[in-house]
Amino acid sequence: MLFRVARSHKGKEITHYDLYKVDARKGMTVLDALFQIQDYMDESLAFRYSCRGAVCGSCAMLADKVPILACRTQVSSLKEVSSKLKPFTALTDTPLGWNAETEILLEPLPNLPILKDLVIDMTRFYDALESLKLWAEPAKGEESRIQSPAERKKIERYVDCIMCALCFGSCPVNAEKEEYLGPAALTKAWRFYEDSRVQDPKTYLESANVPAGSPLCDLIYNCVKVCPKGVAPGGAIRKMKEL
Amino acid sequence: MILEVLKTNHSHDVLVVGAGLSGLRVAIELTDQYDVAVLTKVHPLRSHSVAAQGGINASLNPEDSWESHAFDTVKGSDYLADQDVVEVMTKEASRAVIENEQWGTAFSRTEDGRIAQRPFGGAAYPRTCYAADKTGHNLLHTTFEQALRKGVNFYQEWFVTSLVKSEKRVCGVTAFEIASGEIHGFTAKAVVLATGGFGRVYGHSTNALINTGDGAAMALRAGVPLKDMEFVQFHPTTLVPSSILITEGARGEGGYLVNKEYKRFMDAYASKDMELAPRDIVARAIQTEINEGRGFDDYYVHLDLRHLGKTKILERLPGIREISMFFADVDPIEEPIPVRPGQHYSMGGIHCDKDGVTPLSGLFAVGETACMSVHGANRLGGNSLLETLVFGRLVGQKVGVHVSGLGDVDECIVDDAAFAMRVKIQSILLRESGESHAEIKEELGRIMDNEVGVFRDQTTLESALKAIRFLKERYENIALPRCDTKFNYSLIRALELENLLCLAEVITMTALMRRESRGAHWRLDYGTRDDENFLKHSLVTLVDDYLKTEYIDVDLGQFEVMERKY
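Residue numbers (our numbering), protein chains in the order written: chain P, 1 to 243; chain H, 1 to 566.
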C-alpha cells in the first residue's frame, strides 16, 4: 500500500511529498503505518503520538483530505470515507501526482502552523484555554457537591472533549481568521456555563462571546462531523449564540 | 546544532519530570511558594493518566471505612505493601476525591446526586468513584485546568536525558528540547520524578507508547535503588489485537468471562468473587484457560457484556463500546469482546518512602514510577489514580520543606553533564550504519511477553536474561542514518529503548531471584508464597558497572499476614 506523506523540514509550509510503500496488515491503523515508515524506511519523518487508543488527542492529521485521529483510523477504511465537510483550500487543494485511487495522502492538520512534517504548532489552540480562563474556581468546604445525574448529563458530551484540535483544523472560519478562538475552547466555556455546580456561570459566557469568540462561528458544523468523541462543538456554540 | 556551545542553562527551585496526574499535583502544591518547572515529553493532556478508565477508590460512604480499604489493599498486595504507606493513602482518599470534585471533575452520580461508586476487584465494598469509564480523562483534564489556573510553568515536549548529582545531592537534570534537538542543563534544589510506568518493556501492554520508564532508568543510572521490579501487573482484559485496556469496571458492572466452550470459568479459580477477584488471579485464570486449550483461536477469551443491556452499556461503559467498535470491529451490545491478559501496571519502581524521599538527597519520586510501596505484589484497581492525587500533594509538601533554606547548587556540574550528554547523542547521530532500534525493541517485547509474563520459571527467565543482555550489547551499535535534529522522534525512541533495556534486565533479574509465587509474580517452579524467605522487598542498585541486589523488610502493621483467598 502506498502512502504519500507531506514533508516540511523547516516548518511553515509543505515543501514536498514523499512516497512510501507500506506492508499493509489486517487491522492496520494510519499510526501503525507511520511507525512502519519511521522505523524501517525514514527515521526523519516526524509525527506526534502517545496513547494509540484515541484518548490522548495527540495524532490529529489529514488522511485523504479528511481530518482524523491517526490511531483510530484503519487504513482499510480510508477509501470508504466521505467526509461531507464544507470545503476550504487545505481540504480541496491536492498535490500534483497524487493518485487518489491507489495512494493514501497524509498531511498535517490545517489551520495551525506547521513545525515539521505532520507536527503542528498548537500554541494558539492551547492559549485559548488560558485566555478564556477555562477552569473552575475551587469550591470551598469539606464535602463534595451534589449534582443530579440529569445535571451531569447536560455537560457529559462536553467533558468528553480530548482537545485533539480536529475541530479547529476542520473549521473554515479558523482557516480564514487567525484570531478565531475555535470550537473546542468555546465548547469548553459552554461546559462550565452549563455545569450546575459553577458559582458564576455568566463569566464563561462573557469570555466566549468576545469578538474573536462565538460571534465568528458561522454554524458550518464541520466540527460536529469530525469530532471523534461526539462532543458536537457546533451545537454548544449555537446554543451560546441563541442566548 | 547539538555540539555548539550555547547558553542553555535554566535554573529553578524544583523540577518536576512528567505532567500526568502525579506531576501536576506536585506542581500545584508547590507553585505558589516556589519556582517550580514541569518538564514533560508530551503536552500534559497527552499523559497516560488520561487513559485510566474504571475509577478511583475512596471510602466515602459511612458504612465503609479507611480500615476496610486498607485491609483490601494489603490483602490485594499479597501482604507486600508497606502498611504505613497504605494507611496514609486510604485515610487521605476521600480528601483527594473531594478535592478533585471541588476542582470541577464531573464524577458520575447516584440518583440523589452523590458521587457514584462501583464494585471493583478485591474490594469488600463498592468504593470506586468514577466518571463513566473515563475517570482518568476527567481527573487529568480537571487537574490540568487547575495547573493553568495556578500558572504552573511548563517545558512542554522536553525529554529529560539524565539526572545530575554531586557527591551529596541532586543538582538538576539534562534535557533534550524535542523541537530543536538541543540539550539543555537545568539546575534545581530538588527534582521530582513523576514519569509513570514502564509498560512498553513488554510487547503486549495497555500502556501509552510513551510509557518507557525514563524516570526509573535515570534513577538507576544515578545510583538510586529500584524496588520490587519483578512485580508487573498483567491486566486480565486487554483488547485483541491492540492490547488497549478494557476496564475492570466492565466486570464491576457485571460482565462475564467465557471460554470457547461458552462456559463462565472463574468459579474454578475464585468461586466467591468470580470475575471480580483481583487482577493477578483473573489474569492467571484466563491464561490457564488459554494454555489448556479452552481459548478462542488459542489465544483469547470472551468478555460478555450483552446481558447488561444497551442502556447500562451506553451509560456506564460508553468508552469501552467505542474502543471495541473502532479497534476490534465488535459492538459489545451485540457481541462479546475478545480479550487476553496484557502488561498493565508497574508495581515496582524507584525506592522511596511515603513522602517520596529517595536515598539521593533532593530526589523525590511519586506515582507509578515510585515504589513507596503501596501496591506490594499486586495493585487493586482504582488505587493508582488515588496514589497519584494523594501522594502528589504529600510529596509536594515534603519537597517544599526540603528546599526551604537550601542554597543554590553548583551550575558547573550541570554544564558538564549537558556537555557529556551532547557528546553521547552526537556519537549516536554520527554512526552511519548499525543496528535498528525498532528491531531491538520488537525483540525485547517478544522476550518479555513470552518469558517474563504471567507465568514464569527459572529456565525461561534465565534464557530471557541472556537474551536481554545480548540486546543491550546490540544497542551499543544502533544507528539512525537519516535522522534530523528538529523533532527527531526516532532519536527519542532510541533513547527510550535504552531505558527499557536496562529496566527489562532488572525485572528479569529480580523475577529470577524471587523463588516463590506472590501476587502478580507467579513461578511455575515455586508455586507457593514463601513468607519465611520472601516477605521482603527486592532492591537493585547500580554500583559502578554491576547491579547489586538485596532484600529489605516490609512494614507490617495492623493486618496480620494470612493466606490470600477470594
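If you are wondering where the hints come from, they were derived from the structure by calculation, not from laboratory data.
Check each hint, because a few of them may be wrong.
Said to hold, decoys possible - Derived DSS-like pairs (lysine-lysine); straight-line CA-CA distance at most 30 Å:
1) H/Lys-486 x H/Lys-548
2) P/Lys-10 x P/Lys-241
3) P/Lys-26 x H/Lys-91
4) P/Lys-10 x H/Lys-548
5) P/Lys-202 x P/Lys-153
6) P/Lys-225 x H/Lys-272
7) H/Lys-150 x P/Lys-133
8) P/Lys-140 x H/Lys-150
9) H/Lys-536 x H/Lys-548
10) P/Lys-153 x H/Lys-424
11) P/Lys-133 x P/Lys-177
12) P/Lys-12 x P/Lys-202
13) H/Lys-486 x P/Lys-12
14) P/Lys-84 x P/Lys-202
15) P/Lys-65 x P/Lys-153
16) P/Lys-26 x H/Lys-424
17) P/Lys-65 x H/Lys-486
18) P/Lys-177 x P/Lys-225
19) P/Lys-177 x H/Lys-548
20) P/Lys-10 x P/Lys-26
21) H/Lys-91 x H/Lys-168
22) P/Lys-239 x H/Lys-263
23) P/Lys-12 x P/Lys-177
24) H/Lys-150 x P/Lys-153
25) P/Lys-153 x H/Lys-310
26) H/Lys-472 x P/Lys-202
27) H/Lys-312 x P/Lys-154
28) P/Lys-10 x H/Lys-260
29) P/Lys-84 x P/Lys-133
30) H/Lys-486 x H/Lys-536
31) P/Lys-225 x H/Lys-312
32) H/Lys-263 x P/Lys-154
33) P/Lys-154 x H/Lys-260
34) P/Lys-140 x H/Lys-272
35) H/Lys-424 x H/Lys-548
36) H/Lys-424 x P/Lys-21
As the list claims (entries may be wrong) - Covered by chain P, per the in silico footprint, the following chain H stretches (three or more residues, Cβ under 8 Å):
37) 283-292
38) 511-523
All values derive from a computational prediction rather than experimental measurement.
Even for Gly, the Cβ is constructed at its ideal location relative to N, Cα and C.
Worksheet item: Taken at face value, is the distance from the CA of H/Lys-263 to the CA of P/Lys-239 at most 30 Å?
Response: 50 Å, violated
Discussion item. Does H/Lys-312 sit within 30 Å of P/Lys-225, going by the straight-line distance between their CA atoms?
Written reply: This hinted pair holds, its Cα atoms lying about 26 Å apart.
Worksheet entry | Straight-line alpha-carbon gap H/Lys-486 to P/Lys-12, limit 30 Å | 14 Å, holds
Worksheet item: Given the proposed pairing of H/Lys-150 with P/Lys-133, does the C-alpha separation stay at or below 30 Å?
Response: With a Cα-Cα distance of about 11 Å, the restraint between H/Lys-150 and P/Lys-133 holds, given a limit of 30 Å.
Worksheet item: Are the Cα atoms of P/Lys-153 and H/Lys-310 separated by 30 Å or less?
Response: 17 Å, holds
Worksheet item: How does the coverage statement for the stretch 283-292 of chain H fare against chain P, requiring three or more residues with Cβ below 8 Å from a Cβ of that chain?
Response: Since three or more residues must qualify, the claim that chain P covers the stretch 283-292 of chain H is violated, with 0 doing so at under 8 Å.
Fill in: Pairwise hint evaluation, H/Lys-272 against P/Lys-140, where the allowed Cα distance is 30 Å at most
42 Å, violated
Worksheet item: Quick one, are H/Lys-91 and H/Lys-168 close enough, alpha carbons at most 30 Å?
Response: 34 Å, violated
Worksheet entry | Given hint P/Lys-177 paired with P/Lys-12 - CA-CA distance at most 30 Å | This hinted pair holds, its Cα atoms lying about 17 Å apart.
Worksheet item: Quick one, are P/Lys-10 and H/Lys-260 close enough, alpha carbons at most 30 Å?
Response: 54 Å, violated
Worksheet item: Between P/Lys-26 and H/Lys-424, is the straight-line Cα distance small enough, at 30 Å or below?
Response: Between P/Lys-26 and H/Lys-424 the Cα gap is close to 39 Å, so the pair fails against 30 Å, i.e. violated.
Worksheet item: Taking 30 Å as the top limit, are the C-alpha atoms of P/Lys-225 and H/Lys-272 close enough?
Response: It is violated: about 47 Å lies between the C-alpha atoms, which goes past 30 Å.
Hint violations for this structure: numbers 1, 2, 3, 4, 6, 10, 12, 14, 15, 16, 19, 20, 21, 22, 26, 28, 29, 30, 32, 33, 34, 36, 37, 38, all remaining hints satisfied.
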